[in-house]
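Model the full assembly from the supplied sequences, consistent with the hints where possible.
Taken in order, the sequence shown gives residues -27 to -1, 1 to 72; the numbers are from mature numbering (1 follows the signal peptide of the UniProt record, and there is no 0).
Treat the hints with care, since some could be wrong.
[To be verified] As a list, the in silico DSS-like pairs of lysine-lysine whose alpha-carbon atoms are at most 30 Å apart: (1) Lys28 / Lys70; (2) Lys70 / Lys53; (3) Lys28 / Lys63; (4) Lys53 / Lys63; (5) Lys53 / Lys28.
Simulated from the structure, these hints should not be mistaken for lab results.
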Amino acid sequence: MSSCSWMRASMLLFLLLSLLLAAAASANMQGGGRSLVNIDCGAECDRRCELSSRKNLCLRACGTCCSRCNCVPPGTFGNKDVCPCYANMKTHGGRLKCP
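Rendered as structure tokens:
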């Protein structure tokens, strides 16, 4: 009888650990490129928008994207593959939102 209860307890522990692992993996995937450490969106967007011809518009859009995604791609243009959340965000009109 004791081996049966030990087996049940170990099976329950295994199922519980599997569930926790699956939940952690799901949370990581839903982050969409989010980092666990908050970045300084003001400084990152200043860097990203420094060469933009419409700097105020660029800073506003970048700030929104950064606050939602907690990520800004490196450089002043392109490199959006580094931040999938940033790269895939769209306006109500279906256009890419983030500079």
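Taking the hints in turn, this is what the structure says about them:
no., hint, result
1, Lys28 / Lys70, "holds (15 Å)"
2, Lys70 / Lys53, "holds (12 Å)"
3, Lys28 / Lys63, "holds (19 Å)"
4, Lys53 / Lys63, "holds (13 Å)"
5, Lys53 / Lys28, "holds (19 Å)"
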